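Keeping their order, the protein sequence lines are chains F, P and V.
Under my numbering, think of the first position of the first sequence as 1, with each following residue one higher.
Under my numbering, think of the first position of the second sequence as 1, with each following residue one higher.
Under my numbering, think of the first position of the third sequence as 1, with each following residue one higher.
Just so you know, these hints were derived from the structure itself, not from any lab.
None of these values were measured; they are calculated from a predicted model.
What you were told as hints is all true, and nothing was included just to trick you.
If chains are identical, the list can't say which one is meant, so a pair holds when it fits in one copy or spans any two.
Derived BS3-like pairs: lysine-lysine, alpha-carbon spacing no greater than 25 angstroms straight-line:
1. Lys323 x Lys336
2. Lys6 x Lys51
3. Lys329 x Lys340
4. Lys343 x Lys328
5. Lys79 x Lys196
6. Lys48 x Lys244
7. Lys244 x Lys51
8. Lys48 x Lys79
9. Lys73 x Lys51
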Amino acid sequence: MELTLKEIAVAVAGCVVGDEAAAVRDVAPIEEATEGDITFISDRRHLKLLKSTGATAVILRESDSPPANGAIKNLILVKDPLLAFVRVMDIFRPQPPVVPGIHPKAEVSPKAAIGTDASIQAFAVVEEGAVIGDRTTLYPGVYIGRGARVGDDTVLHSGVRVREGCQIGSRVIIHCNSVVGSDGFGYARAGSRYEKIPQRGIVRIEDDVEVGACVTIDRATIGSTVIGRGTKIDNLVQIAHNVKVGTDSVIVAQAGIAGSTRIGNRVQVAGQAGIAGHIEIGDDSSLGAKAGATNDIPPRSVYSGFPAIPHKEWLRASVVYGKLPELKKKLEELEKRLSKLEKPQE
Amino acid sequence: MELTLKEIAVAVAGCVVGDEAAAVRDVAPIEEATEGDITFISDRRHLKLLKSTGATAVILRESDSPPANGAIKNLILVKDPLLAFVRVMDIFRPQPPVVPGIHPKAEVSPKAAIGTDASIQAFAVVEEGAVIGDRTTLYPGVYIGRGARVGDDTVLHSGVRVREGCQIGSRVIIHCNSVVGSDGFGYARAGSRYEKIPQRGIVRIEDDVEVGACVTIDRATIGSTVIGRGTKIDNLVQIAHNVKVGTDSVIVAQAGIAGSTRIGNRVQVAGQAGIAGHIEIGDDSSLGAKAGATNDIPPRSVYSGFPAIPHKEWLRASVVYGKLPELKKKLEELEKRLSKLEKPQE
Amino acid sequence: MELTLKEIAVAVAGCVVGDEAAAVRDVAPIEEATEGDITFISDRRHLKLLKSTGATAVILRESDSPPANGAIKNLILVKDPLLAFVRVMDIFRPQPPVVPGIHPKAEVSPKAAIGTDASIQAFAVVEEGAVIGDRTTLYPGVYIGRGARVGDDTVLHSGVRVREGCQIGSRVIIHCNSVVGSDGFGYARAGSRYEKIPQRGIVRIEDDVEVGACVTIDRATIGSTVIGRGTKIDNLVQIAHNVKVGTDSVIVAQAGIAGSTRIGNRVQVAGQAGIAGHIEIGDDSSLGAKAGATNDIPPRSVYSGFPAIPHKEWLRASVVYGKLPELKKKLEELEKRLSKLEKPQE
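Assemble the whole structure, with the sequences as input and the hints as a guide.
In structure tokens:
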């Protein structure tokens, strides 16, 4: 496919500075772009790359006044370069189409309900009593347990496992090999042995959630583990039983949340962070990378470190950390000098 | 299903305080329970919820003397509320039954041995020479490699992979998408390149072990990686090659154990902890969340932090951590004051 | 199979000290070896085990002068005991043979290209436009998306998912349930909600790479996420979108690398380490276990801690950490003593 800059400008509601008739055929990252590519700059700090890029055109923010336009011939000015570029990607690299229908090599219970234009692909399994929404896609090897429900326009990538009774909303995306509804980690001590506490609750994933690859979300003991509307979860995240995550929160890769904890709305949990069980993380708060929250975190606050403390305190402390040996030495030295001063006065 | 409190009291060997004829139809968490639900309180700190819960009945510990019985009408007093509640869950929410037999869409080698009443479900694969025990369930998409052995009454959830030659005991549960017997991470340097050291040992998982979802347990180079009887492993845990874990130990989510390390009996490893290779963690010891053990840990001890130190020392130190900038400032101030004192004496 | 030590010495280019006619039938770890086993010692510190092992023969480094040869009768002296032992393992425990051909229960698109002697096993899926190289093995349940390419002599273990368009080189090994090409974690804020940024790049894995189990490697937004030739990745590692890893690097279990970061050649990233996005880790550098790199790391350097600092500084500081309460107390004491000294001079 080939489009002129004029045609692209129309698609993204922008205006061309340069050659409106110039043609582009693909998208590329600004460092790798060559003749025929269109790219973008969203972050002002990258404006310097305008000189060196080989792209035919660059999408820029209107307010980033076009600088002395050296190597680059053509710009498209828009309000939000990232969103404009997303639209251009959809033009040049459309998602592969999905074929609706039940593949002859899938295994769908006659007692399951499959929505209109759903795509149930090879080696997917849908058990008795399960409900799959309209236009929902189960890629090869997906497993939907007995009585589980999946909404409309949802995409479950290859190898996703949804255990019995769990509920997944509409427009949800779950990436390959993630697990929804595995048993919570609950045991009662019986002497030195452990007796399993049955986990008979479910997981409820609300609309517009996205879940990364190899994520594990455990079912509640009773009741529900909940992932609220619009929340985004990265790869390899652990969500324990009975956790409730609010709406529009973000949980970055390899973070873990222990049992029964409540995460508010619009919370950000950075990569490899851990959150203890039975605590509450307030709305609009953030937990830093590798942090470990052991107590409640108030709304609108930023915490880091383990145990987590306010981020600014942690930042200041972490700068001193490397100087600990020096501090210790100085302290010992001061003590000597002090002892020397004290002596004559005895 | 509907049961009277009298019937439930008989099932859990408890006694009713209140209306013996009251009927319940389901279990629920105490905060979410409504008319017709039965719930429980195991932790004294939750006794205050007795007032606000909408449950029809609450299972309580005998020794938690029934307080002024406000909103709640009915109690069932027992010795252990959690175990009693587990029994009630089994009544109201029984496990879905498993259909025995080999599904026509499974792929079982004619040279494999399948036990009586085993359930080999759709798209499961059992390779040549493998042995599957009586009443064992392989959910859809499970893979059992050549010559692997699985005991009786074991449950392998959808997507579990057991590589060739590995041995899994009886009454074991492994959750979705976990991997048993992947190659250990072993290489020999050959200049700046790495040459793979073949990993030809196995994994041996003993009886009554439970393994979470997306767990990886690597096969030994030679010999065996061992998970001892009754040990419980949470989601996303990494067990490297040649590790030996003792009996009745607990390893919480996202913890990792490096190669050839020995974990004793009744050890507790908390979430996101890491344990270096070739060390020994003594019986009955605990390692805190996010801790990193770099040396042996003696039996019956509690360690935290990275590098791990005795938990109490770590707790005290972590309180001071946030005050490091203050300490540094005070030290500099003291030095000035000291220099001032020293001057006249020169 | 049974071989004499003479025969083994020929196979590993070593020489026998002891009974050349002695027969061995298997390999074993030195602590577990019994009559009929051959084992090895690579690390001088294990030479003491020579006395206690029950092995019939031990492979030793030539330069480790055979000590007073007590319980052990037979040695094979070689230049590199580990590489010699690897060769002996290949003799006694050969890899199970793989049957070439497309299994009748696999699902291969007629528009895919399958190489000579490739093995496409039960329930594997190869989508339209995909290319599978010669002698490459797809174990049961592997998924190869539309237009993906896999080179020659590559092994994808059971449950591996390769999404559309991704490229995997030759002689690559990917362990069970790993995911190549899941969407990168990218969103644009739209008020308090997140709008997904389509991820339309690919993952490119070069020749001779090995990837552990349950690893996630996200596709680039545009362009490629790259794993360079010969790099080895352990289990449960997260590689975010647009990351570039160089050649012959090593990334140990549960480490995570955030988006757009560049890892050089021959870099070592230890277990549970985290690397922030958009930074650069120089060639031949190392990052310690549990470390968190938040800024560039220069070539040939060793960093640890979070935020990461030079390893030696971190080591010294971490020794002081446990003594923080003591330091604080001493500081307060010094202040008192100083105040006492200051008083008379007021």
